[in-house]
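Asker: Chains as they are written, first to last, in my numbering: chain Y, 70 to 181; chain S, 351 to 463.
Think of the hints as simulated: they come from the structure by calculation, not from any bench.
There may be inaccurate statements among the hints.
When the alpha-carbon atoms are kept at most 30 angstroms apart in a straight line, the in silico DSS-like pairs for lysine-lysine are as follows [unchecked claim]:
| no. | chain 1 | residue 1 | chain 2 | residue 2 |
| --- | --- | --- | --- | --- |
| 1 | S | K407 | Y | K72 |
| 2 | Y | K114 | S | K361 |
| 3 | S | K361 | Y | K125 |
| 4 | S | K415 | Y | K114 |
| 5 | S | K415 | Y | K125 |
| 6 | Y | K136 | Y | K114 |
| 7 | S | K368 | Y | K125 |
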Amino acid sequence: QQKVQQSPESLIVPEGAMTSLNCTFSDSASQYFAWYRQHSGKAPKALMSIFSNGEKEEGRFTIHLNKASLHFSLHIRDSQPSDSALYLCAVRSGGSNYKLTFGKGTLLTVTP
Amino acid sequence: EAAVTQSPRSKVAVTGGKVTLSCHQTNNHDYMYWYRQDTGHGLRLIHYSYVADSTEKGDIPDGYKASRPSQENFSLILELASLSQTAVYFCASSEQGDSYEQYFGPGTRLTVL
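With these hints in hand, go ahead and build the complete structure from the sequences.
Answerer: Right under this line is the structure:
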């Protein structure tokens, strides 16, 4: 069964800093890798995703994937207080239809 | 934007009672999911469905049943609610295709006393 782990569990950074969040997975046949963001008391919402090795940038957010290392990450440039939220990584295992396995999350706080 | 609604938004139930949580989507998506969220556990999949009148077990199905009477509606049923089922429950939907993005409802906070 797919195991997805996130680090760190929580993180406090000052406004304007670069933030890095990590996610490891166990199934080398995994095919879809995503980050979801959940503000306090709200529903999770997809932030960005990647399918193949490399990186993808959307505004201040960059996702890196290294399948050989079973690792992907999210980097937030110029972090803002509005980025404060729970960040969940999600992975689709090979052959698992459309099921996703989520990590436990990293709670990010960006201080003004 | 995709729309998933849940009812009720919060509920207090007694131990041993029956609880039904409802989910409705207007996205015309084939897939629907039920997750529970507990502090320190992220999102855990309970049941999911890819077609009406059929449901599949997720990773933690014990103590839960699911029903998909139509493409738009998906219910989660707790026949005998227990204290350990106190959690926030999220419904989600996704389309069948190249995007695996899931769209979540606002959640139902269930407290079992």
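Asker: Is the hinted pair S:K415 and Y:K125 satisfied, with a Cα-Cα distance of at most 30 angstroms?
Answerer: Violated, at about 39 angstroms.
Asker: Checking one constraint from the list: CA of S:K368 to CA of Y:K125, max 30 angstroms. Satisfied?
Answerer: 46 angstroms, violated
Asker: Straight-line Cα separation of Y:K136 and Y:K114 no greater than 30 angstroms?
Answerer: Holds, because 24 angstroms separates the two Cα atoms, which is no more than 30 angstroms.
Asker: Does the alpha-carbon distance linking S:K361 and Y:K125 stay inside the 30 angstroms limit?
Answerer: Violated. S:K361 to Y:K125 sits at ~41 angstroms, over the 30 angstroms cutoff.
Asker: For the pair we were handed, Y:K114 and S:K361, check the Cα-Cα distance against 30 angstroms.
Answerer: The hint holds at about 23 angstroms.
Asker: Is the Cα-Cα distance between S:K407 and Y:K72 30 angstroms or less?
Answerer: 18 angstroms, holds
Asker: Quick one, are S:K415 and Y:K114 close enough, alpha carbons at most 30 angstroms?
Answerer: 26 angstroms, holds
The structure fails to meet hints 3, 5, 7 from the earlier list, while all remaining hints are met.
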